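Produce the entire structure from the sequences given, and follow the hints as far as they go.
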Amino acid sequence: MSVFQSDDPLLQVRNVTRYYGDRIGCSEVSFDLWPGEVLAIVGESGSGKTTLLNCLSTRLAPTAGAIEYRMRDGSMRNLYQLTEAERRLLMRTDWGFVHQNAAEGLRMTVSAGANVGERLMAIGDRHYGKIRSTADDWLGRVEIESDRIDDDPRSFSGGMRQRLQIARNLVTRPRLVFMDEPTGGLDVSVQARLLDLLRRLVADLGLSVVIVTHDLAVARLLSHRIMVMRHGNVIESGLTDQVLDDPREPYTQLLVSSILQV
Amino acid sequence: MNDTAKIYEQGEYNFAYLDEQTKRMIRRAILKGIAIPGYQVPFASREMPMPYGWGTGGVQVTASILGEDDCLKMIDQGSDDTTNAVSLRGFFEKTAGVRTTHETAEASVIQTRHRIPEKDLREDQILVFQVPIPEPLRFLEPRETETRKMHALEDYGLMHVKLYEDIAKNGHIATTYAYPVKVNDRYVMDPSPTPKFDNPKIDEMAALQLYGAGREKRIYAIPPYTKVKSLDFEDYPFEVQKFDKPCGLCGAQNVYLDEVILDDKGGRMFVCSDSDFCEERRAAGHVGPMAGNPAAAQISGAQAEELTQ
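Order-wise, the sequence lines are chains A and B.
Take the first sequence: its position 83, counting from 1, is numbered 83 in my numbering, and each next residue is one higher.
Take the second sequence: its position 26, counting from 1, is numbered 288 in my numbering, and each next residue is one higher.
No lab work stands behind these hints: they were computed from the structure.
Quick caveat: nothing in here was measured; it's all calculated off a predicted structure.
For glycine and all other residues, C-beta sits at the position ideal for the given N, C-alpha and C.
Treat the hints loosely; a few may be bogus.
[As the list claims (entries may be wrong)] Sample of chain A residues facing chain B (criterion: CB under 10 angstroms; computed from the structure):
1. Arg-92
2. Asp-94
3. Val-110
4. Asn-115
5. Glu-118
6. Met-121
7. Ala-122
8. Ile-149
9. Arg-173
10. Arg-193
[As the list claims (entries may be wrong)] The calculated lysine-lysine pairs, modelled on BS3-like cross-linking and capped at a C-alpha distance of 30 angstroms, are:
11. A/Lys-130 x B/Lys-431
12. B/Lys-458 x B/Lys-507
13. B/Lys-431 x B/Lys-294
14. B/Lys-444 x B/Lys-381
15. B/Lys-458 x B/Lys-431
16. B/Lys-504 x B/Lys-479
17. B/Lys-294 x B/Lys-444
18. A/Lys-130 x B/Lys-458
19. B/Lys-491 x A/Lys-130
20. B/Lys-381 x B/Lys-491
21. A/Lys-130 x B/Lys-489
22. B/Lys-294 x A/Lys-130
23. A/Lys-130 x B/Lys-504
24. A/Lys-130 x B/Lys-411
25. B/Lys-491 x B/Lys-444
26. B/Lys-444 x A/Lys-130
In structure tokens, the structure reads:
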């Protein structure tokens, strides 16, 4: 497949376990993620998918296990052994994080242009004109009109906010983007448009994506591979069409058969 | 026993109001601040006999550095005779008994709210600022834990987001006071509510600058001859306000001017905000375009009269 640009994994996850006291958040999760690959983590609420995503994105330290990431210089580094400064730099250059609720990922009180430009300024860009034209370009790519560049995201609809959040994350050309239910809370037609957009951007930029969703349709449209979680464990994983068309585990069969057929 | 530790009769104030232990604590904070230019040092700010916002931070700093042979000048918005300056000058006259002055050149310690004197300061002078909100990132990031981390990691992209917003909304950087600066290529600092007109004076200043925020319990400092750069964009460089007219009374150019309403018929004039500077120039024979105006003469006359008292 052409999307796999390299033989070396970008992200290596080994036996990641997170306990909340005695309770299991996620347990013994291992996988590799290759450049350009989209991995969907699916499961019902409380199955541990968001815990896993937070562990991967250094937002929540795992109780046990190791997560290694291939830095731009080609070296594999354990994420939890990076310094705070390195981790922050990674998060605002090489990574993106798209929240379910766009308000969490945006600065709601500054304009759309500044939202997109923030990462550029954080890594030392000091030319207003260039920052603004880059922001304008990115707004165009996520189908937000140029004349909205100076408006607050508060005046944006849910779908626009989500698209703005995506532009804000992609402006530094990250290699890995985490998404937590990016289409949650949007109505169906807006969801479809957003998925179209995401699919195009992911393919154009060759992004690696870890996407958490409970919506199997989203997983089918976007992802190459899928992991099904239940009670904190990965119970089934494989190519997306294979898992969804021919689920092996009874629980996966249940999930797949629960999709509403209109 | 140093000269500030004089024991007074019972019922009298300790020299400069604060007790000696408090002064030691504040001096330590000041020394740390000087060692790390622009870094906000937390300190155990005391209750002062004046409300927050009146300069409780600056007063504590001044009280801690004042000696008996010091000469103190108090500035409020550039002027020596507005409420804040008069009250705080009276406070130190009563509690420390030090000499006070209006003249910039004569003072060894100058406490200011907003303005830096027009006249260049010397190495043997100390400038104390009253600071309302010491954290330059505060209105962008409300969490103290987060702003501290941002300072520690030099994560200052957010500061430029604010300047970006200014340009996007107003076409130019519209921040006119509390204009953020980078001190010694390291810490981003808020030079209190000083107008940005005075920012160039902060850079490489000969005098020691101490900043005290009483309510927020922070002290920071800029040692003499320290590089202080006002933040800007390459294509929107930092620039100060320009006034198209000279001072109405003394005719000074390129100084910071205040607007003064003269009557209820729209009469007004612009005069030096630094009242000592203006008086000195007038005494030296400089005359501004409004000096002949009776209403204006009344104002400058009233100032002169107060001086002679």
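Hint check results:
no.: 1; hint: Arg-92; in the structure: 8 angstroms, holds
no.: 2; hint: Asp-94; in the structure: 16 angstroms, violated
no.: 3; hint: Val-110; in the structure: 5 angstroms, holds
no.: 4; hint: Asn-115; in the structure: 8 angstroms, holds
no.: 5; hint: Glu-118; in the structure: 5 angstroms, holds
no.: 6; hint: Met-121; in the structure: 4 angstroms, holds
no.: 7; hint: Ala-122; in the structure: 3 angstroms, holds
no.: 8; hint: Ile-149; in the structure: 8 angstroms, holds
no.: 9; hint: Arg-173; in the structure: 17 angstroms, violated
no.: 10; hint: Arg-193; in the structure: 27 angstroms, violated
no.: 11; hint: A/Lys-130 x B/Lys-431; in the structure: 17 angstroms, holds
no.: 12; hint: B/Lys-458 x B/Lys-507; in the structure: 19 angstroms, holds
no.: 13; hint: B/Lys-431 x B/Lys-294; in the structure: 39 angstroms, violated
no.: 14; hint: B/Lys-444 x B/Lys-381; in the structure: 24 angstroms, holds
no.: 15; hint: B/Lys-458 x B/Lys-431; in the structure: 19 angstroms, holds
no.: 16; hint: B/Lys-504 x B/Lys-479; in the structure: 35 angstroms, violated
no.: 17; hint: B/Lys-294 x B/Lys-444; in the structure: 18 angstroms, holds
no.: 18; hint: A/Lys-130 x B/Lys-458; in the structure: 26 angstroms, holds
no.: 19; hint: B/Lys-491 x A/Lys-130; in the structure: 22 angstroms, holds
no.: 20; hint: B/Lys-381 x B/Lys-491; in the structure: 21 angstroms, holds
no.: 21; hint: A/Lys-130 x B/Lys-489; in the structure: 28 angstroms, holds
no.: 22; hint: B/Lys-294 x A/Lys-130; in the structure: 40 angstroms, violated
no.: 23; hint: A/Lys-130 x B/Lys-504; in the structure: 28 angstroms, holds
no.: 24; hint: A/Lys-130 x B/Lys-411; in the structure: 28 angstroms, holds
no.: 25; hint: B/Lys-491 x B/Lys-444; in the structure: 5 angstroms, holds
no.: 26; hint: B/Lys-444 x A/Lys-130; in the structure: 23 angstroms, holds
Of the numbered hints listed earlier, those contradicted by the structure are 2, 9, 10, 13, 16, 22.
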